[in-house]
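Let the hints inform the model, and build the full structure from the sequences given.
Heads up: the sequence lines are chains A and B, in that order.
Position 272 of the first sequence, counting from 1, maps to 288 under our numbering, and the rest follow consecutively.
Position 208 of the second sequence, counting from 1, maps to 417 under our numbering, and the rest follow consecutively.
Hints are not guaranteed to be accurate.
[What the hints assert, rightly or not] Among the chain B residues that face chain A by a calculated CB cut under 10 angstroms, a handful are:
#	residue
1	I221
2	I322
3	P325
4	D383
5	V416
6	Y420
7	L463
[Unchecked claim] Some residues of chain B that are not near chain A, with every Cβ distance over 12 angstroms (derived):
#	residue
8	N265
9	L305
10	L364
11	K434
These are calculated hints, taken from the structure and not from any lab test.
Small disclaimer: the values here were computed from a predicted structure and weren't measured.
Heads up, the beta-carbon is just placed ideally off N, CA and C, and yes, glycines get one too.
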Amino acid sequence: MKRKLKSLLLVSLALMMAFSMVACNSKPVETNDDPIRIGFFAPITGPAAADGLSTSNSAELAVEIVNGNGGINGRKVEIVKYDDGLDTKQAVNIAQKLTTNDNVVAVVSGSYSGPTRVAAPIFQEAGIPMISGYAIHPEVTQSGDFIFSQSFSGAVQGKAGGVVAVDMLKAKRISIIAVDIDFGKELSESFTQYVEANGAEVVSLDKFAMSDSEFGPVITKLKEEVKPDLIYMANYYGHGAEIVRQVKNMDFDVQILGTEGIDSYQFLEIAGEDAEGVILTTNMDRDSEDESTQTYIKTYTEKYGLIPDMVGASVYDAFQVLFKVIEEVGTEPEDIRDAIKELKNFRTVTGVLIEYAPSREAIKPVQIQIIENGEFHYFDRIEDLDIITPVPK
Amino acid sequence: MLLQQLVNGIMIGSVYALTAMGATLIYGILRILDIANAAAYAVGAYLGWYIYTLTNNLFLAFFLAMILTGLIGVLVEKYIYLPIISKPNVITIVPLITSVGLFTLTGDLLRLIAGPNVKSLGVKLRIGVLQIGNLRINPEWIFIIILTALLFSILWFILNKTKLGLAWRATASDSEIAQAMGVNINVSMALSYILGYGFAASAGIMVGLLYNSIYPTMGDIPSYKMLAIIVLGGLGNPVGTVLAGLLIGLSETLVAAYIGSIMPRDVIAFLVLIIVLLVKPSGLISKKNA
Chain A
17 MKRKLKSLLL VSLALMMAFS MVACNSKPVE TNDDPIRIGF FAPITGPAAA DGLSTSNSAE
77 LAVEIVNGNG GINGRKVEIV KYDDGLDTKQ AVNIAQKLTT NDNVVAVVSG SYSGPTRVAA
137 PIFQEAGIPM ISGYAIHPEV TQSGDFIFSQ SFSGAVQGKA GGVVAVDMLK AKRISIIAVD
197 IDFGKELSES FTQYVEANGA EVVSLDKFAM SDSEFGPVIT KLKEEVKPDL IYMANYYGHG
257 AEIVRQVKNM DFDVQILGTE GIDSYQFLEI AGEDAEGVIL TTNMDRDSED ESTQTYIKTY
317 TEKYGLIPDM VGASVYDAFQ VLFKVIEEVG TEPEDIRDAI KELKNFRTVT GVLIEYAPSR
377 EAIKPVQIQI IENGEFHYFD RIEDLDIITP VPK
Chain B
210 MLLQQLVNGI MIGSVYALTA MGATLIYGIL RILDIANAAA YAVGAYLGWY IYTLTNNLFL
270 AFFLAMILTG LIGVLVEKYI YLPIISKPNV ITIVPLITSV GLFTLTGDLL RLIAGPNVKS
330 LGVKLRIGVL QIGNLRINPE WIFIIILTAL LFSILWFILN KTKLGLAWRA TASDSEIAQA
390 MGVNINVSMA LSYILGYGFA ASAGIMVGLL YNSIYPTMGD IPSYKMLAII VLGGLGNPVG
450 TVLAGLLIGL SETLVAAYIG SIMPRDVIAF LVLIIVLLVK PSGLISKKNA
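Shown next as structure tokens:
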């Protein structure tokens, strides 16, 4: 009896092993019926969850629209989505999963510079192209030739801010309030460089940690002692909204210039009517007559009931670039990389992508928007290649 | 400019005092460092926002949210903390870790229920700006300072002039003797949580009003900053907490105004804490029996 049981056990074990080996070997060869898988990660939880929602919505929308039109060359697109929680350790895990487990042909980052910067080398190593939606740190694309940025670098945008401040608004005495991380540092450095070379003076620089939320003391100081004619805000919407609220509260008559960091429906929501007249550098022109821009704004608003912003639009565009090149060259990662490099004058939601610079950052016009009646509107546009082409460091 | 900066500092200081008051009251009785008080702060802000959007009545939103959050506090005390601390030989770190867990859980629950977006109260107060020479005080600030003073007066009255308060103070100074003398310490504990979570909620709504933003992670900074304030105030002492809140608010403001933003505000708070503790290890006001 005992022996019988033993042999039964052995047989069943052997059968199980045989089955599992079959299962291992039966990994399917990619066929035309399989979806094209594209990886995506964004800070869906944690302190940047609102931006995570914008980018994740936009990624879903991009895929939904392309599939609605029959997919790419008859193949459906599938998105493999992860939440990095704005945590660099998490971003590393995600990049490892995407490169080893998930069978993706390319990746879009919908995250900030921190997570994107640590994930980029892993994609480079694995030879999988990644396009970062809006991370501005130069080290993101310095990771290697598989890594692209859909937005202009902080250096370009800071310089463009300088053009707005000095050449368009004729400011002479400028105060800077910056968030004390990569984002604020990159922007305020190149801004200062341009401003000081062009006849204006930076009269004060105040840096704030991300966790700070109280700007009363610094606005009091600027109003009563420094007396600038323009405040440049190199920060995100939370800080930005609080600064414009304090400026209005203190009845301080000064022009405020922001960056893409405040290009968010959240900025309009928190700052309310105190945001009127604020000017900002960004990449999406809400008043553009371009069809793709207007379609994106319309479908996004209808589907999600939220006002679209630059982080979402940039991620949407990163997907458009991938769709375009995959349609042309197929799904081999090297071919995708080469085709992105060759892309020229491609119309996107965030303006015409002229080309990718040798540093693989997108060269495209910088849009200057002004807030009027609680909405972003056209103020000006910078297309001068001397300004919008990144200078290698 | 100095006068304006002093007003800025006092205003921030009152909000800090209010934020830390809830945790102070709970520590006073249960000797629990209740990090979850920062969750009550966020929950209160959300309840206040929700009631305000329904009724458009700020005072109603304020007090209803305080009461509801206070009641949640009693449930948390009765069904989570009490069973834990009444176990024999429980080490003090267990309720602390429990509170950290509650706090983390609440942040994500709020995100799942209300979404990650910032909610704005969008309150426009009808009273005008108070302008005396160069000094400007905004309606929100006036509202916050008056309400803080009112809440502290009510608290002082409850603790010092009522039987309930006498029982609370007796329990705070020695719960075993208080119990032996016939004080119902369960009532004192429940009072701690009603007041503690109610105060946290009021602070959350005020901060939400001040910055016009309510979001799931809004309790993150208060969760550790209130520790600096309650320790500085002498752990469990309400008057000490008010003084500590004001001291930290003023120090942060004056450093930001005159020395510049050389370090984050939170660092300044903890620096003040370390300096004071070096001189006076028991905090600004220590317990008489300590």
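Inset, instruction - Answer holds if the nearest beta-carbon of chain A is closer than 10 angstroms to that of Y420(B); otherwise answer violated. - result: holds (6 angstroms)
Legend entry - L463(B) as chain A interface residue, shortest Cβ-Cβ below 10 angstroms: Because about 8 angstroms separates L463(B) from the closest Cβ in chain A, which is inside the 10 angstroms limit, the hint holds.
Inset, instruction - Check the non-interface label on L364(B): least C-beta distance to chain A beyond 12 angstroms or not. - result: holds (25 angstroms)
Inset, instruction - Decide, holds or violated, for the assertion that all CB atoms of chain A are farther than 12 angstroms from the CB of N265(B). - result: holds (16 angstroms)
Legend entry - Status of the I322(B) interface restraint (C-beta, 10 angstroms, chain A): violated (13 angstroms)
Inset, instruction - Test the statement that L305(B) is away from the interface with chain A: the closest C-beta pair must be farther apart than 12 angstroms. - result: holds (22 angstroms)
Inset, instruction - Report holds if the minimum CB distance from K434(B) to chain A is greater than 12 angstroms, and violated otherwise. - result: Answer for K434(B): violated, closest chain A Cβ roughly 9 angstroms.
Legend entry - Hint validity - V416(B) Cβ closer than 10 angstroms to any chain A Cβ: holds (8 angstroms)
Inset, instruction - Against chain A, run the beta carbon of D383(B) and see if the smallest gap drops under 10 angstroms. - result: This interface hint is violated because 39 angstroms lies over the 10 angstroms limit.
Inset, instruction - Go through the hint on P325(B) and say holds or violated, using the shortest Cβ distance to chain A against 10 angstroms. - result: Check passed: Cβ of P325(B) comes within 3 angstroms of chain A, closer than 10 angstroms.
Inset, instruction - Closer than 10 angstroms between Cβ atoms is the bar; does I221(B) clear it against chain A? Give me holds or violated. - result: holds (6 angstroms)
The structure is inconsistent with the numbered hints 2, 4, 11, although it conforms to all the rest.
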